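Starting from the given sequences, assemble the full structure and let the hints guide the process.
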Amino acid sequence: MAPKNASETQHPRKYALNWLFAKRLWRCLKMIFPHWLSMTFLLFITLVGLTIAEQMLVYTTGLIPSHFYEVIGSKDRPGFKALVIKAISLLIVTAVVKTAVRMNSEALAFYGSDEVEERKTNEKLKAVVDQSQRVANLSVFIDLSVNSFNNISTIVCYIFIGITVFKGKRVGGINGLVEGSWEDMLSPGEMQRLAFARLFYHEPDLAMMDEATSALDIATEKTLYGMCVDKGITMISIAHRETLDEYHDVHLRLLGDGKWVIGNGKLIKQASGY
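Under UniProt numbering, think of the first position of the sequence shown as 1, with each following residue one higher.
There may be inaccurate statements among the hints.
No more than 27 Å apart at the CA atoms, straight line, and that leaves these computed lysine-lysine pairs for DSSO-like [claimed, not checked]:
{"hint": "1", "residue 1": "Lys14", "residue 2": "Lys30"}
{"hint": "2", "residue 1": "Lys222", "residue 2": "Lys75"}
{"hint": "3", "residue 1": "Lys86", "residue 2": "Lys75"}
No lab work stands behind these hints, which were simulated from the structure alone.
Note that the structure is predicted; figures quoted are calculated from it, not measured.
Below you can see the structure in the form of structure tokens.
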């Protein structure tokens with residue numbers, strides 16, 4: 001092990017972010033970017049621009065599932081078609097930009113290296129550099145494929161859901177025979193809507209409903225219960241939502257441990273025990 005210099009022993013080196021560091025960094029940058037129109041500077045600006053574009057495209061692609069949720073929920077057929085085209089276009093453009101970022105990064109890293117290495121070393125190392133550049137050029141197809149399929153699974157799922165919503169016929173029409181159970185064909189919200197449709201068709205004097213709107217949003221719940229009131233149907237409901245209080249005259253609340261309270265806005269009776 002070589003002995004340390006006496007000056008280094010007495011005055012150890014100190015590294016700091018100071019004016020000397022800034023001057024040395026500026027000299028390095030002048031070597032890397034000789035002038036504003038040099039190839040390395042143009043490659044660097046291109047790389048920065050492509051990276052920003054990539055992040056913007058990734059952010060926009062991440063919003064696509066929420067847009068699918070909106071158009072499928074509202075059954076907007078033209079909007080669904082336009083969104084499918086937009087989603088596929090974004091996937092392709094994002095894949096191309098990601099591949100371009102990677103290729104430009106390697107181009108910036110290898111730019112001018114063949115000349116430098118040729119002067120400093122022998123032809124064998126230059127051949128290695130050339131081979132690395134050829135491998136980078138051939139890998140563009142792999143990168144393009146990987147980046148294309150990176151986010152495609154979520155969008156494909158929404159496309160299939162949309163096709164089912166807009167094109168599918170689950171029971172073959174209103175007069176078709178139903179094979180199987182409704183639970184396998186309808187969502188919980190659809191089954192609850194169907195139950196209210198049967199209720200409105202029969203228009204009974206009394207209806208007993210157990211969590212009849214648990215899978216529905218508040219606005220739909222308000223509409224359905226309002227129609228029950230308009231049709232004069234007396235409702236006995238079991239529910240957890242306090243939004244149903246306005247549609248009932250008497251409220252029975254189970255407090256647990258055998259305790260309960262019954263009232264109509266004001267306390268009528270409270271008891272405990274079974």
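We went through each hint and held it up to the structure:
| no. | hint | verdict |
| --- | --- | --- |
| 1 | Lys14 <-> Lys30 | holds (25 Å) |
| 2 | Lys222 <-> Lys75 | holds (21 Å) |
| 3 | Lys86 <-> Lys75 | holds (18 Å) |
In summary, the structure agrees with every hint in the numbered list given earlier.
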